[in-house]
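Based on the sequences and whatever the hints tell you, model everything.
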Amino acid sequence: MTHGPSDFERDERLGRALRQALDPAGDAEAFTARVLARFERPRARAWDTLASWSRLGVVAAAAVALVVIVVLSFRGGADVSIEAALAASNTDEATQLMTEDNSPGTDVLFAIANEDN
Amino acid sequence: MHNSDDAALVERTLAGDQNAFGMLVRRYAAQARRVARILLRNPDDADDAAQDAFLAALANLARYDPRRPFGPWLVRIVTNTAIDRSRRRTVRRAEPLDERLIDGGEAPDRAAERGELAMRLRDALSELPERQRLAVTLFDAEGYSHAEIAEILRVPIGTVRSDVHHARRKLRDMLTEWKETVE
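First to last, the protein sequences are chains A and B.
Residue 5 in this note's numbering sits at position 5 of the first sequence; the count goes up by one each step and never skips.
Residue 142 in this note's numbering sits at position 142 of the second sequence; the count goes up by one each step and never skips.
I should point out that these hints are in silico values taken from the structure, not numbers from a laboratory.
Accuracy of the hints is not assured; some may be wrong.
As the list claims (entries may be wrong) - Covered stretches of chain B (in silico footprint by chain A; criterion: 3 or more residues with CB under 8 Å from a CB of chain A, positions within the stretch not fixed):
#	stretch
1	13 to 22
2	36 to 48
3	75 to 84
4	121 to 132
5	159 to 166
Note that the Cβ used here is the ideal one computed from N, Cα and C, for glycine as well.
Right under this line is the structure:
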């Protein structure tokens with residue numbers, strides 16, 4: 001061991017002795033299994049987190065969609081023009097009521113009220 | 001080393017193939033554990049560091065350049081992980097019995113002798129400066145070139161040669177001394 005190879009060549013005897021000295025005593029397969037188990041754990045946790053996020057996401061998206069529908073339908077109703085409403089109703093009475101320039105006089109309203117009583 | 005194989009396994013791992021990662025771990029487990037053991041005398045600490053290193057390597061796998069050999073890249077991670085652990089760990093002082101001293105299959109005196117030699121070598125290694133320890137083990141035991149070790153340790157190649165030279169001289173002295181006492 002005192003007369004070893006040059007510094008550019010490997011000292012096989014020393015290398016073998018070092019490997020023996022440093023070789024792990026435990027089972028290699030058990031070590032690999034432990035690494036893979038640790039690899040699996042955070043991955044499973046990540047999927048759980050994503051799954052919980054997705055459940056929350058579905059609920060939140062449904063709520064947002066509902067609000068959007070309500071808002072749009074409300075705004076849609078306000079945006080309907082008189083002409084469109086008339087076209088939709090398409091009745092003479094409605095047309096007359098909506099386009100009548102002269103609103104009924106108070107005497108007419110009183111007469112109707114008295115009739116009801 | 002298995003350069004092209006390793007690159008393929010890395011690619012498969014990045015694509016989500018867990019078996020490919022398992023094959024990489026199996027291929028490099030012994031080496032990673034030995035390298036960690038150079039820096040951490042307690043074998044349990046060394047194994048923990050080697051495990052951490054594999055997971056760190058996995059987390060950074062996208063940064064590995066497949067045109068370069070995988071071994072030095074991994075060994076650098078193992079080295080950093082073990083050094084980091086050695087600096088912040090709570091020391092587990094109890095050194096377990098060397099299993100080779102107690103398991104069968106070999107004549108008890110021969111096994112004891114080998115166990116004794118291993119123990120003396122570990123003691124001698126622990127007396128060397130950290131970089132010399134790594135340099136001599138990576139060169140003589142793990143088969144890396146001076147250039148690869150220089151890259152792993154981030155030092156000039158001349159420094160690696162010098163470290164290997166000095167470490168060998170001390171280890172050989174120790175081994176000669178031990179041999180004389182045994183004979």
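Evaluation of the provided hints:
1. Interface restraint, the stretch 13 to 22 of chain B with chain A: holds (3 residues with C-beta to C-beta distance below 8 Å; minimum three).
2. Coverage of the stretch 36 to 48 of chain B by chain A holds [criterion: at least 3 residues with CB-CB distance below 8 Å; count 5].
3. Residues of the stretch 75 to 84 of chain B lying with their CB closer than 8 Å to a CB of chain A number 0, which falls below the three-residue condition for coverage.
4. Check on the stretch 121 to 132 of chain B: 3 of its residues sit with their Cβ under 8 Å from a Cβ of chain A, so the three-residue criterion for coverage holds.
5. With 3 residues bearing a CB less than 8 Å from a CB of chain A, the stretch 159 to 166 of chain B meets the requirement of three and the coverage assertion stands.
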